[in-house]
Amino acid sequence: QAQLVESGGGLVQAGGSLRLSCVVSGVTFSRYAMNWYRQAPGKQREWVAQVTSGGATNYADSVKGRFTISRDNGKNTVYLQMNSLKPEDTAVYYCNAGLITTPIYSWGQGTQVTVSS
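In my numbering, the protein residues as written are 129 to 245.
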């Protein structure tokens, strides 16, 4: 049974930084592409970034140049370094595995990121 546990969120001023972590258990982590998503109040969940099993990365245009996704297969963990945060980055952030449009596992609890102006 896969389990996804996100952490690292918080309240930060615009222009600040946060580093999110997602620990994955119950799966062969290294086999899968890992993705970060976010859901703002009243909006649908949207894809933010992906790191493939081979380490290639892809980003949504809205975060390109500000966010960096990475993974540590030895720790079954995927990270999201978020710099130059904007109020519009405020959302609950989630991780999941697989294709961008077809996440494999049940969603975790997410981690709240709030950016004040």
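Keep in mind that a hint or two might mislead.
[Said to hold, decoys possible] Simulated restraints, written as ranges between beta carbons of each label pair:
#1 Ser244 x Ser158: 33 to 41 angstroms
#2 Gln129 x Lys203: 26 to 34 angstroms
#3 Gly183 x Ala142: 17 to 25 angstroms
#4 Gln237 x Gly144: 16 to 24 angstroms
#5 Arg159 x Lys214: 15 to 23 angstroms
#6 Lys192 x Trp235: 20 to 28 angstroms
#7 Ser245 x Gln129: 36 to 44 angstroms
#8 Gln141 x Leu227: 33 to 41 angstroms
The hints are simulated quantities; they were obtained by calculation from the structure and are not laboratory data.
We put the beta carbon where it would ideally sit given N, CA and C, even for glycine.
Results for each hint:
Remark: the range hint 33 to 41 angstroms for Ser244 to Ser158 is upheld by a beta-carbon distance near 37 angstroms. A beta carbon spacing of about 19 angstroms between Gln129 and Lys203 contradicts the range 26 to 34 angstroms that was offered as a hint. Checked against the hint of 17 to 25 angstroms, the pair Gly183 and Ala142 fails, with Cβ atoms roughly 31 angstroms apart. Checked against the hint of 16 to 24 angstroms, the pair Gln237 and Gly144 passes, with Cβ atoms roughly 23 angstroms apart.
Our hint of 15 to 23 angstroms for Arg159 and Lys214 is violated, since their Cβ atoms are close to 34 angstroms apart. For Lys192 and Trp235, the hinted distance range of 20 to 28 angstroms is satisfied, since their beta carbons lie about 24 angstroms from each other. Between Ser245 and Gln129 the Cβ separation comes to about 41 angstroms, which falls inside the hinted range of 36 to 44 angstroms. For Gln141 paired with Leu227, a C-beta distance near 35 angstroms keeps the hint of 33 to 41 angstroms intact.
Violation of the numbered hints given earlier is confined to hints 2, 3 and 5; the remaining hints are satisfied by the structure.
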